[in-house]
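Colleague: These are the residues of each chain, in order.
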Amino acid sequence: MFNPQLNNKGNLNHLLSIEGLSKEKIIQILDTAESFLKIGERDVKKVPILRGKTVCNVFFENSTRTRTTFEIAAKRLSADVINLNVASSSQSKGETILDTINNLIAMNADIFIVRHSSSGAAHFISSHVKSNIHIINAGDGNHSHPTQGLLDAFTIRKYKTNFNKLKVAIVGDILHSRVARSNIHALNILGVPEIRVIAPKTLLPHEIEKLGVHVFHDIDKGLKDVDVVMMLRIQNERMDGVMLPSREEYFKTYGLNQTRLDLANKGAIVMHPGPMNRGVEIDSKVADSEQSVILPQVTFGIAVRMAVMAILAGQH
Amino acid sequence: MSILIKNGRVIDPQNNIDAKLDILVVDGKITELDKNLDAKKATQTIDASKKFVIPGIIDLQLNLREPGNQYKATLESEMKAANAGGVTGMVCPPDTTPILDEPGLIKMLKNKSEALKLANVYPLGALTQQLDGKLLSEINDLYESGCIGFSQAEKPIQDTEVLYRSFQYLSTFNLKAFLRAEDPYLSQKGIINAGEISTRYGLNGIQSISETIAIDRILEVANLTKTKVHLNKISTAEGLDLIKIAKKNGIDITCDVSIHQIFLTDNDIGFFNTNCFLKPPLRKESDRIKIIESIIDGTIDAICSDHSPVNEDNKLKPFAESEYGASSVELLMPLIFKLSEEYKIELSLLINKITQQPSKILEINKGNLSINSDADICIFDPEYSWEVNSKTLVSEGKNTPFFNQNLTGKVSSTIFKGNIVFNGR
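Protein chains in written order, with the numbering used here: chain E, 67 to 382; chain G, 10 to 434.
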């Protein structure tokens with residue numbers, strides 16, 4: 067099937083979703099990220115790979131962390147970075163997405179980091195720009211957040227080395243999570259033999275098992291013998307509604323505490339894409355424990371985003 | 010004025026005709042139908058050899074976008090598109106701007122369309138004021154102004170009391186409801202069929218129970234109030250099962266399906282192709298197969314185009330933010346032909362579902378080639394191969410899931426009340 071993120075030579079031209087990437091391509095990105103990791107530890111945290119290129123952060127939906135890490139990543143590659151908070155400017159004046167993007171192209175931007183609340187927005191934009199423009203999806207609706215999927219894979223590889231023997235559990239609001247979808251695809255492609263999703267039925271999308279996961283509704287059973295626990299953020303607006311009765315009940319039935327974590331394999335790691343709701347999906351003690359790799363995820367995220375930009379647009 | 014249509018394969022399901030015959034049209038009426046009619050009888054002759062000659066198509070769902078949405082299309086452009094699809098009679102839903110809930114608007118639409126002399130327009134009046142599902146429209150007045158039935162378009166009634174009272178009122182005057190079965194709450198946030206595809210794409214899904222619950226509710230109320238109901242655009246296998254049982258139990262119900270549901274599934278959405286954003290959503294393969302079976306076994310009475318031209322800008326958006334609908338009236342007959350060829354379904358059975366059956370549902374004497382009836386005729390060339398693109402489509406709307414695809418068969422001429430309103434080549 068035609069894959070819109072590859073060019074006719076089979077090279078990555080955009081990064082729109084994990085689905086459709088080959089294992090080799092993902093490994094290439096992870097290996098490249100590995101080489102960039104050291105740059106962040108140096109005194110002079112810059113390499114000239116994107117010198118002279120302009121990177122535009124176009125966020126139709128608000129975000130602090132993702133936008134900031136992309137900005138740092140681009141700057142470490144020596145790119146010029148422009149941040150546009152479109153959520154509060156041209157969109158409210160009625161400008162279409164394509165007009166917004168085309169205006170920025172007219173200003174000679176090279177890479178667009180796009181976040182949008184609508185699934186497929188990055189695909190849509192990528193299909194209407196010239197081939198020398200690169201689109202990186204920084205989250206589209208509930209569809210995809212590929213750099214998060216890659217940085218999570220990078221994190222797992224750092225701590226667990228071999229994907230082929232792992233059991234991974236993803237816990238929480240799978241229904242509304244582009245992170246969960248990206249992780250499910252990434253882990254499947256990388257050969258993880260058992261991926262579990264743990265959630266009440268209200269927070270699971272239709273036929274999720276067809277994406278290659280085992281479904282658990284009981285967190286204690288779901289966490290048994292896993293090597294990686296990926297927690298998802300529960301959005302405040304999902305609480306006290308028809309999906310969940312209350313945050314207290316959620317924490318009681320699905321929150322990750324040390325007792326539950328002890329059901330997992332010894333040395334299991336705990337991940338979270340942030341921002342965390344302490345006391346809702348995760349107990350503070352677990353979040354700050356030695357098993358937590360939540361802050362390293364952020365550090366690795368910069369290296370992974372550098373790798374993606376370098377592969378798309380650098381003289382790599 | 011007189012026209013002789015010579016040597017065509019005449020298919021008229023109502024009169025059980027499928028034979029090579031000539032048709033003579035004089036002063037807007039069909040006057041003779043026989044073998045080897047004398048060419049001297051007519052001032053004009055159309056050579057229909059190797060072509061099908063069928064009654065003018067009656068389309069049960071065709072959005073004319075007028076009044077109000079001329080940015081998308083105009084009454085004239087879409088009636089011409091309908092003619093290019095062999096359509097001479099069309100039912101248009103009331104969700105225009107303004108909404109068709111006032112007799113004056115119906116009269117205006119009737120007058121405007123009659124002046125164009127291209128086809129018969131059968132408007133559906135809004136069942137409730139502003140389609141809000143709260144207060145009844147002036148149903149009798151709307152009927153007298155020319156409404157053929159009453160509809161909620163894409164806005165199902167939420168309040169069951171209102172549904173019940175509106176059916177009672179329709180039933181009092183023996184009028185018909187044309188409804189799309191959709192639960193307003195279960196479908197509220199939905200964009201595409203609920204299933205693996207919606208999960209992969211992160212688009213909100215609409216489950217089949219959204220349709221079946223609504224069908225159940227409509228059937229219960231219709232049965233109790235003895236109201237005539239036609240269900241538009243059924244999309245699920247489960248929904249068709251319910252209708253089949255209801256028909257067996259003698260409930261006065263008919264239904265149609267849109268041409269898209271016969272050929273497409275949610276898999277065709279590909280990489281967020283907004284041309285596949287439709288209402289009801291494209292369903293899964295097992296639904297599609299069931300739809301074809303139900304066409305054959307008669308559970309589905311009619312096939313409509315659900316023609317909905319959309320302005321290009323409104324499709325140039327992320328999937329869920331784009332506007333639903335597809336331009337399709339010009340593809341109806343070619344796709345009916347394709348259905349007949351690919352699934353080995355008798356052509357007259359299918360033609361029946363776009364001519365005689367819709368006429369029966371509308372309770373009009375149309376959709377046949379009987380002597381002395383209005384000469385509304387479609388001539389179809391089954392050998393003509395063409396590509397669906399912005400040049401070949403007459404409609405203002407170029408939005409179709411079949412864009413850039415090749416089709417075999419195209420309407421070559423359309424005659425309305427004895428006048429040639431479309432001549433392809």
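Heads up, a few of these hints could be off.
Stated by the list, open to error - Quick list of in silico lysine to any residue cross-link-like pairs, SDA-like style, CA-CA up to 25 Å: (1) G:K326 - E:N151; (2) E:K91 - G:E170; (3) G:K293 - E:G86; (4) E:K267 - G:K293; (5) G:K326 - E:N169; (6) G:K324 - E:S193; (7) G:K324 - E:K267; (8) E:K276 - G:I298; (9) G:K324 - E:A153; (10) E:K196 - G:K198; (11) E:K196 - G:N320; (12) E:K196 - G:K407; (13) G:K293 - E:E273; (14) G:K326 - E:L72; (15) G:K326 - E:S183; (16) G:K89 - G:K49; (17) G:K50 - G:I429; (18) G:K198 - E:K91; (19) E:K159 - G:E332; (20) E:K159 - G:I298.
Worth flagging that the hints you see were computed from the coordinates, not collected in a lab.
Colleague: Does the structure break any of the earlier hints, and which numbers would those be?
Modeller: 2, 7, 10, 16, 18 and 20
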